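Q: Each chain, written out:
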Amino acid sequence: MSFIVLIAAGLIVPIFYRNNIFIAKMIALIAFIVAAYFIYQGNSLNAIFPYFVMNKATMIMEFALLATLAAVSLALTGFERPLIAQMLFLAGVSLGLLETNNFFIYVVLFEVIAIISYILVANIRNFYNAEGAIKAFIAGAVASGIILLGFALFSFTTDSFNYAQMNVSGKFTLIAVAIMLAGIFYKLTIVPMHGWAADAYSQVNHAAAAILSGVIKSVVLVATFKAFYKFMIAYPVATVLIFSFFAILTMTLANFMALFQKRVSKILAYSSIAHSGYALIPFAAAASVFSYAGVLYYAIAYIFMQTSVFLILNDFRREAGVKHLHDLKGMGKRAPLHSLFFTIQLFSLAGIPLLAGFLAKAVAFYAGVDAGLWPIVLVAALNSALAVAYYAWIIKHLYFDEAKINSTVKMSAGSLIGQLILLAGTIYFGIVAADVINSTITV
Amino acid sequence: MVAVDIIFAPIFLSALVYFLTRGAQHITKYVALAWFVVLFIISLNWLNQIMHPESYAFAPEVLQYIKATGFLPLGEFLSVPAFGFSLTLQIDALSVAMLLLTAGLLILVVFTSWEEKNQAAYFSLLILFSGPIFGVFMTTNVLWFFMFWELTLVPMLFLVGFWGAEGVEIKKVFNVEIKLPSKVYAAIKFFLYTHVFAMFMFVGFFLLFKQTGYWDITLIKEATLATPALIWWLMFLGFAAKLPTFPFHTWLPDAHVQAPSSISVLLAGVLLKMGAYGLIRFTVELLPATTAKFAMWMVVLGLATTFFAGLLAVYERHIKKMVAYSSISHMGLVVVAVATMSYDGLSAALYEMIGHALVISPLFLIAGWLHHKTHTWYMDEMGGIMKYAPYASTTFILAGMAALGLPGTMGFVGELTIIISSVKAFGWWIAVIALAGFISAGYIIWAVRRAIHGEPSEIVKKANFHMSFPEKFALAVFSFLIVYFGVNPQPIFDIANKAFSFFGGM
Chain A
206 MSFIVLIAAG
216 LIVPIFYRNN
226 IFIAKMIALI
236 AFIVAAYFIY
246 QGNSLNAIFP
256 YFVMNKATMI
266 MEFALLATLA
276 AVSLALTGFE
286 RPLIAQMLFL
296 AGVSLGLLET
306 NNFFIYVVLF
316 EVIAIISYIL
326 VANIRNFYNA
336 EGAIKAFIAG
346 AVASGIILLG
356 FALFSFTTDS
366 FNYAQMNVSG
376 KFTLIAVAIM
386 LAGIFYKLTI
396 VPMHGWAADA
406 YSQVNHAAAA
416 ILSGVIKSVV
426 LVATFKAFYK
436 FMIAYPVATV
446 LIFSFFAILT
456 MTLANFMALF
466 QKRVSKILAY
476 SSIAHSGYAL
486 IPFAAAASVF
496 SYAGVLYYAI
506 AYIFMQTSVF
516 LILNDFRREA
526 GVKHLHDLKG
536 MGKRAPLHSL
546 FFTIQLFSLA
556 GIPLLAGFLA
566 KAVAFYAGVD
576 AGLWPIVLVA
586 ALNSALAVAY
596 YAWIIKHLYF
606 DEAKINSTVK
616 MSAGSLIGQL
626 ILLAGTIYFG
636 IVAADVINST
646 ITV
Chain B
3 MVAVDIIFAP
13 IFLSALVYFL
23 TRGAQHITKY
33 VALAWFVVLF
43 IISLNWLNQI
53 MHPESYAFAP
63 EVLQYIKATG
73 FLPLGEFLSV
83 PAFGFSLTLQ
93 IDALSVAMLL
103 LTAGLLILVV
113 FTSWEEKNQA
123 AYFSLLILFS
133 GPIFGVFMTT
143 NVLWFFMFWE
153 LTLVPMLFLV
163 GFWGAEGVEI
173 KKVFNVEIKL
183 PSKVYAAIKF
193 FLYTHVFAMF
203 MFVGFFLLFK
213 QTGYWDITLI
223 KEATLATPAL
233 IWWLMFLGFA
243 AKLPTFPFHT
253 WLPDAHVQAP
263 SSISVLLAGV
273 LLKMGAYGLI
283 RFTVELLPAT
293 TAKFAMWMVV
303 LGLATTFFAG
313 LLAVYERHIK
323 KMVAYSSISH
333 MGLVVVAVAT
343 MSYDGLSAAL
353 YEMIGHALVI
363 SPLFLIAGWL
373 HHKTHTWYMD
383 EMGGIMKYAP
393 YASTTFILAG
403 MAALGLPGTM
413 GFVGELTIII
423 SSVKAFGWWI
433 AVIALAGFIS
443 AGYIIWAVRR
453 AIHGEPSEIV
463 KKANFHMSFP
473 EKFALAVFSF
483 LIVYFGVNPQ
493 PIFDIANKAF
503 SFFGGM
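First to last, the protein sequences are chains A and B.
Numbered per our numbering, the first sequence spans residues 206 to 648.
Numbered per our numbering, the second sequence spans residues 3 to 508.
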């Protein structure tokens, strides 16, 4: 039912774009709330189709997803209007991706999400948007091809695509999985498949980047973990080697690249890539009972904080023309509310406690220690500490530097409510760890 | 519920306090003062409950627990059974001593920053700071300890970065020249430095949980650890950077010099104590056998810190840097005292921790005040201040004498007990730490000679040495406490007796 509600709302919403954006937003909001209600009742795709199951962990992730998308749609204005319908579609497809227990459906919905993301970035206003969109499209197309190749190879060796019944000990399984992962790493922006993301995230419209880097990545992260869990258990050595190597490579390189950027959006793009690196640690630690909790916690924390920072940057760009770091100077005085939200979410990204970013890292890294990978966790922890350098550098520009202009930047009501929703998520999951952990681990 | 409220209320309400009092800036400090007084009274009450549990109406099993472990249970919150994780609040005599010190210093800091600019933001951040710092000393859960430990950095980043001293720093990073205000440089360096070293501790804590199955330090048994040495070193690095000991001390002179004097008081009086507290709690109390193995490393690092920082202080012209190095030098003594792992040594360490906070604070305050009035940092450009500002000068001399260990002040009792306990533990050679007293005599007396006495310089003649009443009051309280506990150290040793009774106290 929730799926139907979201898709129906997505079809209706465009009627109101031209005349009354407020009604469009309200319809989207109501659709998200109704969908959440149906999910709470356990009445999602699983009630209609086979191959979909619903459990507590999926439910929490879906609530986080719907809350984030509601926050984004409230914050949109002007020419970003078409995004509202796309977010409703995205929500519907994401529910499917999160709930499915069938590898075939996982691959198909993965492609659907890719197509939605192309439409998201196709909202082109200038040369930079076009460059970002093209890069996102080409990288996505290459990724799709690679995934299909791996999937075709895998389909020779298995009789069933159900996660539980898949044959994971076939002759070509390991190669097939490695090829599929190469494609999926494009979407998760793992180094060396990250090049497109650094440009696309920073050059497309920031609202689209918020969804691309925050929402889609989190959903893909959780769904991928569920889809590949059986492979990771079947090939423990390869799992540890592959994921640890790419985790360290990704976070280290991205953090160093972020240090040297002058454009705020580029810093956030590289920070997003670095976070993919941290999120791979629980993948490497699949053997631990905390691995799924780690991935899920990371995705939930990340969906709130990353979406929030890009949305604020979108406001900054629209209201004050912020592009480079030096444009942020004195924003603490000019836009106190924006800066407060921005600072808290950046602290969360940096892993400062009492915010979701910290507990997510704590659980994800603990999964690593639990699986015996403490040296890798130490490297990751030091990386995340060094990453504070560029987050603190943004905060330094916000608060410690004098503004060149003194005009104030006002926050619209929609944006304020959206940010409050995201902040509530960040703080709630920063203090209460019980929900996520209890939903994935039974004592 | 009081316990968890006094940690979380300031964290969430400080922003509210800011927005409510932004229009009437002078009110915020009264709010802060009232809150810190409440904290002090609550801590005093807890102290009484721990020292004399019989006279309170505890349930029999609670009384039993307090007598057996020394911990007063304050409740368990936010429990996550699958992760063995919950916010367990328990305090013993050691944590209460730290809580009292923290609350007392916070009250005095309100007085010393009575005329600070941007009061609403400043005091809101101080209120915010009071939450996590209480959390650090109140929780026995390792992961929550770490969370509060990290959270204290955030208000400090802004307090140092905003209200710090003027000046410009030019740094070269990868051939890129970066020019930024020194206070911002100091604030970010402090934040990054302690944050990076905390990460070692973080991994150490994870290994603790992995190998024992408990996050709570009262439940962890050293014997069940598979790699105690690794955990010990990971944790020690985190505490060593905070203390700071010798190779990891470079953040401190920057942060303490650039911070406003009242914040230097908090940095030296409370934040460094977090390191010492962690060292006692997590090495000596939690992993005694491993600590005994590595005690010599701690002694060597402690001695190196004491002498290295002491000699740097002698060489320094910069008055506040001199005080900052003297502060590091005294923390070195604390490390040596902790390394003795004996009842006497730990009591001496606790006494010196409190003594250091009370002695170094007026020195920082007056150093900052002198800079504020004369606009110079350098002692050789001052001189003859005694003639123009006798009150401040006298307090400076008193605190200085306490720092070099004049009998009748806290410094004397602290250094004497440390020397006695370490000679007892390590043999006669350790008496070389008495030389630290000579070195501190060197820099303190020379500083007094250069800045306080002598011919007044032109700068000093032109300056207007007005001191507001709240500042004078705070200095008077510090002076009183230095002498009071110097003459009558028993109250602090009573607490120490309770805190370290597991070592077979007197």
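The set of hints was computed from the structure by calculation and includes no laboratory data.
Note that the structure is predicted; figures quoted are calculated from it, not measured.
By construction, the Cβ of each residue, glycine as well, lies at the ideal position given by its N, Cα and C atoms.
Among the hints, erroneous ones may be present.
[To be verified] Far from chain B by the CB rule (all over 10 Å, computed), these chain A residues:
{"id": "1", "residue": "N224"}
{"id": "2", "residue": "I265"}
{"id": "3", "residue": "G400"}
{"id": "4", "residue": "K435"}
{"id": "5", "residue": "I447"}
{"id": "6", "residue": "R468"}
[As the list claims (entries may be wrong)] Coverage of chain A stretches by chain B, computed from C-beta distances (three or more under 8 Å per stretch; other residues unrestricted):
{"id": "7", "region": "340-350"}
{"id": "8", "region": "545-558"}
{"id": "9", "region": "578-591"}
Q: Hint by hint, say whether it matches the structure.
A: The hints, checked one at a time:
1. N224: Per Cβ check, A:N224 is outside 10 Å of chain B; nearest 37 Å; holds.
2. I265: 14 Å, holds
3. G400: Its Cβ never comes within 10 Å of chain B, the nearest being 22 Å, so this holds.
4. K435: 23 Å, holds
5. I447: 22 Å, holds
6. R468: The assertion about A:R468 holds, with a minimum of 16 Å to chain B.
7. 340-350: Since 0 is below three, the answer is violated.
8. 545-558: Our answer is that it holds, as 4 residues pass the Cβ test (under 8 Å) against chain B, meeting three.
9. 578-591: With 8 residues closer than 8 Å to chain B, the region 578-591 of chain A meets the three-residue bar; holds.
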